[in-house]
Structures are given as structure tokens and as C-alpha cells.
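Taking mature numbering (1 follows the signal peptide of the UniProt record, and there is no 0), I'd label the letters of the sequence shown as residues -23 to -1, 1 to 319.
Just so you know, these hints were derived from the structure itself, not from any lab. Errors might be hidden in some of the hints.
Stated by the list, open to error - Simulated restraints, written as ranges between beta carbons of each label pair:
| # | residue 1 | residue 2 | range |
| --- | --- | --- | --- |
| 1 | 275 | 85 | 19 to 27 Å |
| 2 | 143 | 27 | 32 to 40 Å |
| 3 | 65 | 262 | 28 to 36 Å |
| 4 | 250 | 286 | 39 to 47 Å |
| 5 | 150 | 74 | 20 to 28 Å |
| 6 | 274 | 217 | 41 to 49 Å |
| 7 | 74 | 21 | 41 to 49 Å |
As the list claims (entries may be wrong) - EDC-like cross-link-like pairs, simulated, lysine to aspartate or glutamate; straight-line CA separation at most 16 Å:
| # | residue 1 | residue 2 |
| --- | --- | --- |
| 8 | 208 | 24 |
| 9 | 34 | 47 |
| 10 | 284 | 267 |
| 11 | 34 | 46 |
| 12 | 48 | 30 |
Cβ atoms here follow ideal geometry from the backbone N, Cα and C, with glycine treated the same way.
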Amino acid sequence: METMAFSRFSICFCVLLCHGSMAQIFSLGINPWQNPRQGGSRECRFDRLQAFEPLRKVRHEAGVTEYFDEKNEQFQCTGTLVIRRIIEPQGLLLPRYSNTPGLVYIIQGTGVLGLTFPGCPATYQKQFRHFGLEGGSQRQGKKLRDENQKIHQFRQGDVVALPSGIPHWFYNEGDTPVVALFVFDVNNNANQLEPRQKNAILSPFWNINAHSLVYTIQGRARVQVVSNHGKAVFNGVLRPGQLLIIPQNYVVMKKAELEGFQFIAFKTNPNAMVNHIAGKNSVLRAMPVDVIANAYRISRQEARSLKNNRGEEIGAFTPRYQQQKIHQEYSNPNESETQEVI
């Protein structure tokens, strides 16, 4: 009788949880499976994920533009276009605009940028004196004044929002090349750089209502992605410059290697939400011990340990090692790794 009662409770709980999640997604009026470039929805199969690197390069007078494979199904299903630009010192990225909004992450370098908003007055002024030659002698000319909209400084680690249809330009005023990652069709303003210490582990989680594009900035990490059917679709190492697309509702876990791991994540929903599996703010912590015990067919003591063994930690966990090393096969079969206990 007790088992049946908890089974019914678990079913009701799942129904309520799914209903709440679907209500949240549809209340936002956003379908992350819809590709705005094609004007309709399409079936997307993410049976096997891969880490991307730029597919082709276009060289310019003062830099290079590198394009990721926009024709790949993963980019088309998530409705994103990813470009990496390299601007040489004293180089200018000419004014341009896009018909889609975007985000820019400054991987390296410093400089200035301008965004030209229609209808806004040019309230920022700069005066300079014109010098000319007349009759073989230098003559001081009149003062000239330049008016423009606000110019912004940028540096490594900054994120710049590019509104749709707004002209923008970038100038490298430093001594080193500027490297910037452009991601278009992304409306989430909560993206941020997330540094990870060596051997730290990021709590397994899934995106409730958005796809995620993860770009590696520094270091390396072992990444595992599991589909909503429980199948491992990616199990390997992410290296600097690689990009991995993580579909909605796919569980992902990242474990930093010895040199640490820094990445930036772009989401396809302005109100993106994630659900953690472990830690203080996890879905397991929110469930009663009896529910966990019956769902996984374990004892109450084991369920309590599973629920609370990470204490007050949230998100990024400090490493805990087992005494025995468990060898796992990744992209390099000769590599081994100490198993993490979550």
C-alpha cells in the first residue's frame, strides 16, 4: 500500500512538474525549436553532438573573419549564426548593421565601439584646431567641432549587445589584436563569463526553455551531454576556440581539467531557465526523501545522502575523489580520470 501510494504521488508530481514547465514555456510565447530564418518549425534530431571550430576564413586589410558552419543542422535548429572576428591594432571594423539582434564577447584586446541609434541627439562633442599653410608659412586655422553619439570603451571579458538594425563599428586602439565572438539571433541578456577552477565540477543541469551555445575561452573541460531519452550524445574534451551546441532539455555536466576552464554560454531565450540535478538549489533538494527513495528504489538513508551530500554548494562544486580510479573511454582511449562523487 505504501509503495502504491508513493507511486501515485510520483506520477502526480511528474504531471504537475511537466505542466508547470510547459506553461512557463508557452506563456513566454517562444518556441526554441522554431527557426526564425526559415519561418517555420522543423524536426531536429540531436542524436550525436560535436564540438565546432571555424569552417572558413575571410581575410581583410586589417583582420580576419572566421565563420562557423551555419549550414550545419545544429546551428539551423537553434537559429544561430556564429562569427569570430580578429581586428589588428589600429584596425577598424567598418560600420554595419544586422537584421537580427546579437551579442558580442570580447575574447582578447581593448578598443572603442559605437552604436548609432536613430532619433538620439549627438550630444558628445570634441573640438580640434585646423592648421593650414598659406604663403609658405603655417597659419593657425579656426576651431572645428565634431559631434557624435556616445562612444564606448571595451576590453577583454566584456559582452556587447547589438540591437537589430542598429549600425555599429569597432576600433582596435591597443597594441594587440582584438578577438571577438559574434552570436546572432540570441536575445538573452544574462550571459556571462563563468570561470571554473581546476578539477572543479559544474552541477549537472538542463535548460528548461532554451538551447545553449557554449564557447570555450581558456582551459579545457570534460563535458558529457545526455539526451532526454537517456542516451549519451557527447562525451569528450572541449578545448579553447571550440563551440558546443546543447539542445533544450539535454542534461550537461562540465568538469574542469588541471588548467581550469573558462567559457561563455549563449541562450536562445531571453528568459532562459536551468534546472540543476545536484546542489542546494537542485531538483533533488526540493523533493522529499521518501519520494527520492521510492523513485530510485533506494533506502531512505541513501536517498538522504543523495539529496544532501553537497551541503550548501550551488552550481560549481569543489572536487571530491574516490580512492579508486575508474578508467573511462573518451576521445583519447589512453586517458583516464578520477571519478567525481556528486
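Task: Hint numbers contradicted by this structure - done: 1, 3, 4, 7
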